[in-house]
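S.K.: The residues making up each chain are set out below.
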Amino acid sequence: MPEKIRFTVNGDVVEMAVEHHQRLLDVLREDLALTGAKEGCGGGECGACTVLMDNEPVNACLVLAVEADGREIITIEGLARENCLDPLQEAFIEHAALQCGFCTPGMILSAKALLLRNPNPTEAEVKEALSGNLCRCTGYKSIVDAVLAAAEKQS
Amino acid sequence: MTQSLIGASVPRKDALEKVTGTARYVGDLSMPNMLHARILRSPFPHARIRSIDVSKARRLPGVKAVVTGRDFPNFIGLYLVDRNIFAVDKVRYIGDPVAGVAAVSPQVAEEALKLIEVEYEELPAVFDPFSAMAPDAPLIHENLHQYKLVPVYFPIPHTNVANHMKIRKGDVEEGFRLSDEIIEGTYHVPQMQHCQIEPHTAIAQVDATGKVTVWSSCQSPNAVRKLLAVAFDIPVGKVRVITPYVGGGFGGKAGVTLEGVLTAIAMKAGGRPVKLVYSREEVFRDTMVRQGLVAKIKTGFKKDGRLVAQQAELYWDAGAYCEYGVNIVRAAGYSSAGPYYIPYMKTDSYCIYTNNPAGGPFRGFGMGELHWALDQQMDRIAHHLSMDPVEVRLINAARDGTTTATGEVLKDIGLTKCINEAARQIGWGTPKNPLTGRGIACMVKAPAMPGNASSAAFIKINEDGSANLLITATEIGQGADTALAQIAAHELGLPVDKVTVSLPDTDYTPYEWQTVASRITYSAGNAVIAAARDARNQLITMAGEGLGIPADQLTITDGVVHAVNDPAKAIRVADLALGLNLPNGSARYGPVMGRGHFIPEGIEGLDPETGQGKKAVSHWTFGVQAAEVEVDPETGRVDVKKIAAVYDIGKVINPLLAAGQTEGGIVQGLSVALYEQLQLQRGRVMNPSFVDYKIATAADTPEMAIGFVETPLADGPYGARGFAEHTMVPTAPAIANAVYDAIGVRITDLPITPEKVLAALRSKGKGGE
Numbered sequence: 001m002p003e004k005i006r007f008t009v010n011g012d013v014v015e016m017a018v019e020h021h022q023r024l025l026d027v028l029r030e031d032l033a034l035t036g037a038k039e040g041c042g043g044g045e046c047g048a049c050t051v052l053m054d055n056e057p058v059n060a061c062l063v064l065a066v067e068a069d070g071r072e073i074i075t076i077e078g079l080a081r082e083n084c085l086d087p088l089q090e091a092f093i094e095h096a097a098l099q100c101g102f103c104t105p106g107m108i109l110s111a112k113a114l115l116l117r118n119p120n121p122t123e124a125e126v127k128e129a130l131s132g133n134l135c136r137c138t139g140y141k142s143i144v145d146a147v148l149a150a151a152e153k154q155s
Numbered sequence: 156m157t158q159s160l161i162g163a164s165v166p167r168k169d170a171l172e173k174v175t176g177t178a179r180y181v182g183d184l185s186m187p188n189m190l191h192a193r194i195l196r197s198p199f200p201h202a203r204i205r206s207i208d209v210s211k212a213r214r215l216p217g218v219k220a221v222v223t224g225r226d227f228p229n230f231i232g233l234y235l236v237d238r239n240i241f242a243v244d245k246v247r248y249i250g251d252p253v254a255g256v257a258a259v260s261p262q263v264a265e266e267a268l269k270l271i272e273v274e275y276e277e278l279p280a281v282f283d284p285f286s287a288m289a290p291d292a293p294l295i296h297e298n299l300h301q302y303k304l305v306p307v308y309f310p311i312p313h314t315n316v317a318n319h320m321k322i323r324k325g326d327v328e329e330g331f332r333l334s335d336e337i338i339e340g341t342y343h344v345p346q347m348q349h350c351q352i353e354p355h356t357a358i359a360q361v362d363a364t365g366k367v368t369v370w371s372s373c374q375s376p377n378a379v380r381k382l383l384a385v386a387f388d389i390p391v392g393k394v395r396v397i398t399p400y401v402g403g404g405f406g407g408k409a410g411v412t413l414e415g416v417l418t419a420i421a422m423k424a425g426g427r428p429v430k431l432v433y434s435r436e437e438v439f440r441d442t443m444v445r446q447g448l449v450a451k452i453k454t455g456f457k458k459d460g461r462l463v464a465q466q467a468e469l470y471w472d473a474g475a476y477c478e479y480g481v482n483i484v485r486a487a488g489y490s491s492a493g494p495y496y497i498p499y500m501k502t503d504s505y506c507i508y509t510n511n512p513a514g515g516p517f518r519g520f521g522m523g524e525l526h527w528a529l530d531q532q533m534d535r536i537a538h539h540l541s542m543d544p545v546e547v548r549l550i551n552a553a554r555d556g557t558t559t560a561t562g563e564v565l566k567d568i569g570l571t572k573c574i575n576e577a578a579r580q581i582g583w584g585t586p587k588n589p590l591t592g593r594g595i596a597c598m599v600k601a602p603a604m605p606g607n608a609s610s611a612a613f614i615k616i617n618e619d620g621s622a623n624l625l626i627t628a629t630e631i632g633q634g635a636d637t638a639l640a641q642i643a644a645h646e647l648g649l650p651v652d653k654v655t656v657s658l659p660d661t662d663y664t665p666y667e668w669q670t671v672a673s674r675i676t677y678s679a680g681n682a683v684i685a686a687a688r689d690a691r692n693q694l695i696t697m698a699g700e701g702l703g704i705p706a707d708q709l710t711i712t713d714g715v716v717h718a719v720n721d722p723a724k725a726i727r728v729a730d731l732a733l734g735l736n737l738p739n740g741s742a743r744y745g746p747v748m749g750r751g752h753f754i755p756e757g758i759e760g761l762d763p764e765t766g767q768g769k770k771a772v773s774h775w776t777f778g779v780q781a782a783e784v785e786v787d788p789e790t791g792r793v794d795v796k797k798i799a800a801v802y803d804i805g806k807v808i809n810p811l812l813a814a815g816q817t818e819g820g821i822v823q824g825l826s827v828a829l830y831e832q833l834q835l836q837r838g839r840v841m842n843p844s845f846v847d848y849k850i851a852t853a854a855d856t857p858e859m860a861i862g863f864v865e866t867p868l869a870d871g872p873y874g875a876r877g878f879a880e881h882t883m884v885p886t887a888p889a890i891a892n893a894v895y896d897a898i899g900v901r902i903t904d905l906p907i908t909p910e911k912v913l914a915a916l917r918s919k920g921k922g923g924e
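If you read the protein sequences in the order shown, they are chains A and B. Going by this note's numbering, the residue at position 127 of the first sequence is 127; the numbering climbs one at a time, nothing skipped. Every position in the second sequence, counted from 1, becomes a number in this note's numbering once 155 is added.
Since the hints were derived computationally from the structure, they do not count as laboratory data. Mixed in with the good hints, there may be bad ones.
Here's a subset of chain A near chain B, in silico, CB distances under 8 Å, partners left out [to be verified]: (1) Met16; (2) Ala17; (3) Glu67; (4) Phe92; (5) Ser142.
The calculated lysine to aspartate or glutamate pairs, modelled on DMTMM-like cross-linking and capped at a C-alpha distance of 25 Å, are [claimed, not checked]: (6) B:Lys796 <-> A:Glu56; (7) B:Lys796 <-> A:Asp145; (8) A:Lys127 <-> B:Asp794; (9) B:Lys366 <-> B:Asp662; (10) A:Lys127 <-> B:Asp847; (11) B:Lys615 <-> B:Asp567; (12) B:Lys453 <-> B:Glu436.
Glycine included, C-beta positions come from ideal geometry on N, C-alpha and C.
Please put together the full structure from these sequences, using the hints given.
M.R.: Below you can see the structure in the form of structure tokens.
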């Protein structure tokens, strides 16, 4: 039986009926056409589907849609405000902190969650915060550099 | 010309889309009326199919198509056409596709798979190359002698050897007689996975005219088009392949992977588009894996460190199908001297069928595996002679005038510069802490491609003075779009942000052989130069006529064609885009449309018995990595502190991207060195997930020092050579050599796990090596 949920996605209130088995990732990608969150493994192992739920990073493939009821979700599409890029997005461009780009949305959102709770992280803290987001292209250095640069710019 | 663009750190063209989540991958595409496919796979490593009953699956509501090998008994493959789209008479590995279903939802398709009844008769199976080569081994491909193939591969009929590549350079026995010392070593490399974060995904649709359109996360749209056309016996022009951004390749999306089974299903789906997304487990097992290798190397050398002779036996565990793998085995053969000069050589490189998952290209195309053996062997020679490992490498380094394994005379080689610089960057010879070690490893790689592997490019000039660059190179993360846009902008005299690069669509973008072999900047780069110069000539011809100035006195700067000596005499590119407008109101010429192509000339076949020839490959790229590690003798843990990497890439087109490519390669190489192994038990992949198959995370990134040497390649764009794959090749042997330097034990089978280090330390304590 579908259940009605009400939650906020990138600032917009969404009301919809979802099945109990439906994952948040499917609702975002298929029902709301927010395909920025990627599915890399379906098991919470790669972090490509990371979104923010009440400012905490979650693997959207491991969250049931019903769990999002009453919560605030931010996806990569909601990070830039009124065409103004988030400092993290700017830093990722500047440092070429992406290659194929498939892990990038999840990577940026994990970094965003880190900077929200710790605006001045050390390099070790950045690496730890990103250790659940796999990237096979960059070797991570440019990503860590980008996050540190964004933190510095914000402070 | 805007000279500064070549060698400039231009930001990535795709960065804005990728940081905002608007970059589209195949998985993000959805179409009206779309069906979803799932594949039924073999549970046995080797079995005869007695019967398949799909009637119950067909009756399940929501199922729109069910196909098996009986519907499509066709073969598919790149070099040795040995693979059925769906198993016909036999299955040859755990995971071999047996049937495919299209249904209204993934769940229904999944449900339908359970209703397909297959009766198997198990057959004896082989899981390692030596058992597979035994005289009484069960044959995996009884009809090997009848398969179509490109005639540079040499299967041994009625055996499991799909290709035997031979090198006979001089008389190797004579070489051993001339040697002062001989050492032998055996090195093991397990199967691995590319682990692109994007799973293989495709959508296929067959329209009313029979035209097949495939949206695929592939590296090589033209190869997919050709292979599908051949496999399904339809004209190439009736297949259209569209490739948006690809979420990582590393060889695992080269050739064809899932497009064959999906197209077969789509042909029975009544014109509806069908989407197939591989699960992570399927990516691990059913795409292509890096082939396993056992390398036996015997090397003869002089007391002063000079190599004299090498005998190499390379046994590749190529898995159930070798359609692509035969060429890795060939490449390893002609590259078997590695980055060194060896006067006498004998190499036997065997591509061996087993009932393991099918092997295929993986970043490095055999070179990572080969150099794991060769560069540890070189290190052992240095230690055996109590010589400096750097010095021994400098003595033997390939250089101008030396010959390769195939007898090709090398020129424009900068390897010794790379060795010296990498040694300097790692602090070679400076004091170090106890349990810290430094190691060095050199590498070489050439694009392994047929002599006619070509590239083409179109450039359209738009009436706002911008340009569209049409190519079929795929953007798999390597930065091809950016580098090629730089080249086009540089030649056209336009700002780089005025150049838009197309994503491949084989109906509209011109031919590209494959986005593999680190060949795009080299080959497509040359095609783009030609196309841009063609467009430039058209602009200058028109401007010359319009301005009344000879063409050779004109140039283009920032989108304006002007007299070299007088910038005021000028016409904007925008005003010439559609033709030359004359003062009397008439017009001449027409829209500007540049075209260019490139084919590397002079690549010749090799003698089948000796492997000797004039030029086996278009060009070689050399590089060196040096590692500093710390080993904990209590836990066996190897901590990679720093990697220095120096490559001679001819010309650095974009320093930012070149460094990024190298960092990525180093960390992938480190990951392979310390963690990665596909755990196979009687052909079953035991660790098809990122939990059980660990790859490097952000926490593993070492300090990296990256440098480039620029020895121009005669036919490279601005002298550039390919180098993207090369960046992971020497990392593992450099780390292994550093571990030896730290604690005096040598790990010869990948990966270098703490267990192996501890076991080797215990064995050393008991007097073993």
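S.K.: All hints, please: hold or fail.
M.R.: Against the structure, the hints come out as follows:
1. A least Cβ separation of about 18 Å between Met16 (chain A) and chain B goes past the 8 Å threshold, and the interface hint is therefore violated.
2. Checking Ala17 (chain A) against chain B by beta carbon gives a least distance of about 17 Å; that is not within 8 Å, so the hint is violated.
3. The closest approach between the C-beta of Glu67 (chain A) and any C-beta of chain B is roughly 21 Å, which is over the 8 Å cut-off, so the hint fails.
4. Here the hint on Phe92 (chain A) is kept, as its CB sits about 5 Å from the closest CB of chain B, short of 8 Å.
5. At about 6 Å, the closest approach between the beta carbon of Ser142 (chain A) and any beta carbon in chain B falls short of 8 Å, and the interface hint on this residue holds.
6. The straight-line distance between the Cα atoms of Lys796 (chain B) and Glu56 (chain A) is roughly 32 Å, outside the 25 Å bound, and the hint therefore fails.
7. With a C-alpha separation of about 18 Å, the suggested pairing of Lys796 (chain B) with Asp145 (chain A) holds against the 25 Å cut-off.
8. Proximity of Lys127 (chain A) to Asp794 (chain B) is assessed by CA-CA distance (about 16 Å); at most 25 Å being required, the pair is judged to hold.
9. With a C-alpha separation of about 11 Å, the suggested pair Lys366 (chain B) and Asp662 (chain B) falls inside the 25 Å cut-off, and the hint holds.
10. For the suggested pair Lys127 (chain A) and Asp847 (chain B), the alpha carbons sit about 21 Å apart, so the restraint of at most 25 Å is met.
11. Using a Cα cut-off of 25 Å, the hinted pair Lys615 (chain B) and Asp567 (chain B) is violated, with the two alpha carbons roughly 36 Å apart.
12. Taking the CA atoms of Lys453 (chain B) and Glu436 (chain B), the gap is about 39 Å. The hint is violated against a cut of 25 Å.
Comparing the model with each numbered hint stated earlier shows that hints 1, 2, 3, 6, 11 and 12 do not hold.
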